[in-house]
Amino acid sequence: MGIPITYNIRNLYARRVSTILTALGIALVAWVFIFTLALAGGFQAALRSTGSRDNVIVTRSGSTAELTSIIARETASVIAGQPEIARAPDGTPLVTSELVVLWNLERKNGTPTNVVVRGVTSKSIPLRPNVHLAEGRMFRPGLDEIVVGKLASARFAHCSVGDRLKLAGRQWTIVGMIDAGGTAFDSEIWGDVELFMPMFDRPVYQSVTFRLDDRSHFGAIQKRLEADPRMSVQVKREDEFYAAQSEALSALLRGLGIFVTLIMALGAVFGALNTMYAAVGSRTKEIGTLLALGFSRRSVLASFLLESILLASFGGILGCLLALPVSGFTTSTMNFASFSEIAFRFRVTPSMLLSGIAFAAIMGAVGGFFPARKAARRAIIEALREA
Amino acid sequence: MASENGNLVELRDVHKIYRRDRIEIPVLQGVNLNVKQGEFLALMGPSGSGKSTLLNLIAGIDLPTKGEVRVAGESLGTLASERLSRWRARHVGFIFQLYNLIPVLTAAQNVELPLLLTRLSGKERRDRVKLALELVSLADRDNHYPRMLSGGEEQRVAIARAIVADPTLLVADEPTGDLDAKNATEILTLLKRLNEELKKTIIMVTHDPHAAERAHVTVHLDTGVLAP
Amino acid sequence: MKFVRLVLANLMRAKRRTFLTVFSIAIALFLFCTLRTVITSFEASLRASNASRLIVRHASSLVFPLPLSYKERIAQVAGVAGVSYGNWFGGYYQNPKNQFAQFAVDISTFFDLFPEVLLQPAEKDAFRSERTACIVGRGLAKKYGWKIGDQIPIIGTIFPGEWRLTVRGIYAGETRDTDENTIFFHWDYLNESLPDVRKNQVGIYWVKIASADMAAAASRSVDALFENSSQPTKTETEKAFQAGFISMIGNVQLLLSILGSAIVFAIMLVTINTMMMAARERTTEIAILKTIGFTDRLVLLLVGGEALLLSLLGGALGCGLAAIVFHESDFTAGGFFPNFRVLPETIGLGLVLAAVMGVLSGLVPAVQAGRLKIANALRKVV
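Chains as they are written, first to last, in the numbering used here: chain Z, 1 to 387; chain F, 388 to 615; chain Y, 616 to 997.
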């Protein structure tokens, strides 16, 4: 027969201060755990989901980012004529040739930063399923109009719909804002590529992106284009292309997160150990009584272990609650591949929260095991005598 | 130290009331007492009569609710907390029923404790500790921890601690209460020696009539007043 | 000092608890030092930057070049003591994961502008006289096992193709923070291999000024020269330029600081709890000490001192461990931090933090001990 759980709950309540302090400590560890997962996850999500599996991006051979790639107009035409390209509802091929430069802008707090400015075509939005117009309207080709990504709008000065921004010596009116679902495009500024080319004095594209009519056709078109002697290009699936850019930094962030959390957990386990040993120590007489009453040693062990897990889980839930506000927080870091600033959102998912609680419970189990075992081992007489 | 009539301790109309939550518990209700220098006084009475409380007032551990406590020329109620502590360190040696040695310190280290409050050098402290332990015949156990000593030996270390700083007054609260007959006798003999040979004034609370016999004077406390 | 033994003896009373507490504080400080070192490593480039060197680049974007003809005009600005130029090459070695800095630089002026690049005279001469020669930093040489005379292929991304360079020197940095992971090669070699439309374009100008306090004035003068041209410049000190990059990574620094604070706070909660638990067991002893005549203040200091001592022990252990581990292990986080070492300032900060933790965690028990009334405490026992 087991010791009722109310015994544990009452005891935790009776030692309120100690319970709260330990629970808070564990809550913070769980919070750090979720925080780093949300950070690394948000960053990787921003970059990985920038690209779609159905799309193919062509850049110059050897480029790791669009910025260092050059694709001449003639090359772009050849690529646009490939048979594997899907068709838009109006029958035209779903392909876009784009220009990408870095531009010096000011953040809202006045400090300078590098931002990606992209020259786009009418197919740029249709090609990207996660991008849509969120506010205002799309720019009209041939006019001094641009649109901005929603994170760019939030972080950079003079970047709201209706503002005027100076690019390449001209004033541009921001007529709309796009929402790219938290991906890299949210940090960019888009305008008409045909206008940008002469403005930036760059009569070349940086990339050509198109939708495959069938995913399985990727191999064929890759082979053909890469072998074509008229051009020196590399052909990649769009999602892989962007994912590769984030690899190094995501790995670092994730590694750091795991390192920090594991070590912190060790500290929290020590804390739980201390608390539970003290709890056992102050309740020896009770334990002796319980044993004398007929409860088995195993049930005493189970009871203390459960108490520790309860305490830790309480801390875990607390940590989750504290972590929820973090979700959606925008922050930014450098995309090392393009030396531009990329903003991204912390993403707290339900599975992260559950992991946080589970992690806390495990800490409670580890921290409670030895004290619980000690509690169970006490000889009855000795325990009762200790007044 | 003593007043003109040779009194080391003078209590005038001393009252002590304890307050627990809203309830007031009167423990001492008008105590008058004189103790001469060099006297060995036994304080007896049934449990709950306030003996320990009276002892605490004399030792400066507690302050009276009303009335005056004069010890060694000082009216204790007028002293601020910090001065009271310093006064106590200089003038009082306290012996408890439950020895109350600090378990993580050796016998010698326990005895040294009161000397840490003085300006004596390390060597001087060690010499005094040795002397005190010799006095209680435990010089050879100086580096033992309390858990390695018997009850009687622990109490003797406690006595050594109480006298090491050469206090004016020794105060003992049921010093033999936790000991068997043989050890109790040893302790009482020791106390008697301290009183006769070293002229220590001793005030001892006890409920054991045999212990009281060793003292010069016995007074009885009952429901907060001294019996006439 | 005579009380230290008392404090120590008390700590050894509950050995397991003492060890657990010391270790959890050590862990917190170890993490703190690690996170702080991530931040200071980012800033290493700031520490190494030369206060008398300015960077001139295209005002609008790093991506746009400047004409070679600007050199002569910049050299004539008041306060300018030397001008050099170069292009960021942006290639990789063997596979795209192996990315590090490569610069094509003007050989005739390079060493004047970069005194912190230390080379043997023989190596310097060999580098100067051979068109396809390069010098590599010590860090790179060690990582890839390059030796003098090796021919290394660099795949260009901005300037496509395979570029073969011969190692003619391995340079060392003047200070511990100077970067030793760059390849420098001849600008002329790069320029002559480019198609005409891309020739004679410079990515970046380096300007030596006569003294550091002329930086602001000289920067403005250079920019004024070109502000109305089609290729305007932005001139700033090297430090400001680096800081701009760091500010982009910048938010990560803030996040790491938040992490570090959360850690320290969490462990402090745990420590406070432990101290309070320990204090509860000692009420009788505190009462005894006070009976003997220990003043309230002394008792407060003893209890507080205990917490402080514990924390400092833990702090020394954690900080020391961090310093040793990262020194011995050559840790670079996959090349992100070529010089990951724990600075003395970080250790100092860690110890101060440990001391603060000690004071705060011992505060409540110490004050309680100070306030303890002897009579109340003793009554509980008897």
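Be careful, since some hints might not be right.
Covered by chain Y, per the in silico footprint, the following chain F stretches (three or more residues, Cβ under 8 Å) [as the list claims (entries may be wrong)]:
#: 1; region: 424 to 430
#: 2; region: 436 to 450
#: 3; region: 462 to 472
#: 4; region: 491 to 497
#: 5; region: 596 to 605
Don't read these hints as lab results, they were simulated from the structure.
What you are looking at is a predicted structure, and each value in this text was computed from that prediction instead of being measured.
We treat Cβ as the ideally placed atom computed from N, Cα and C, and that holds for glycine.
Verification of the hints:
Counting residues of the region 424 to 430 of chain F whose CB lies closer than 8 Å to any CB of chain Y gives 0, so the stated coverage by that chain is violated, three being the minimum. Counting residues of the region 436 to 450 of chain F whose C-beta lies closer than 8 Å to any C-beta of chain Y gives 6; at least three are required, and the coverage claim holds. Interface restraint, the region 462 to 472 of chain F with chain Y: holds (3 residues with C-beta to C-beta distance below 8 Å; minimum three). For the region 491 to 497 of chain F, the stated coverage by chain Y holds: 3 residues have a C-beta nearer than 8 Å to a C-beta of that chain, and at least 3 were required.
Counting residues of the region 596 to 605 of chain F whose beta carbon lies closer than 8 Å to any beta carbon of chain Y gives 0, which falls short of the minimum of three for the stated coverage.
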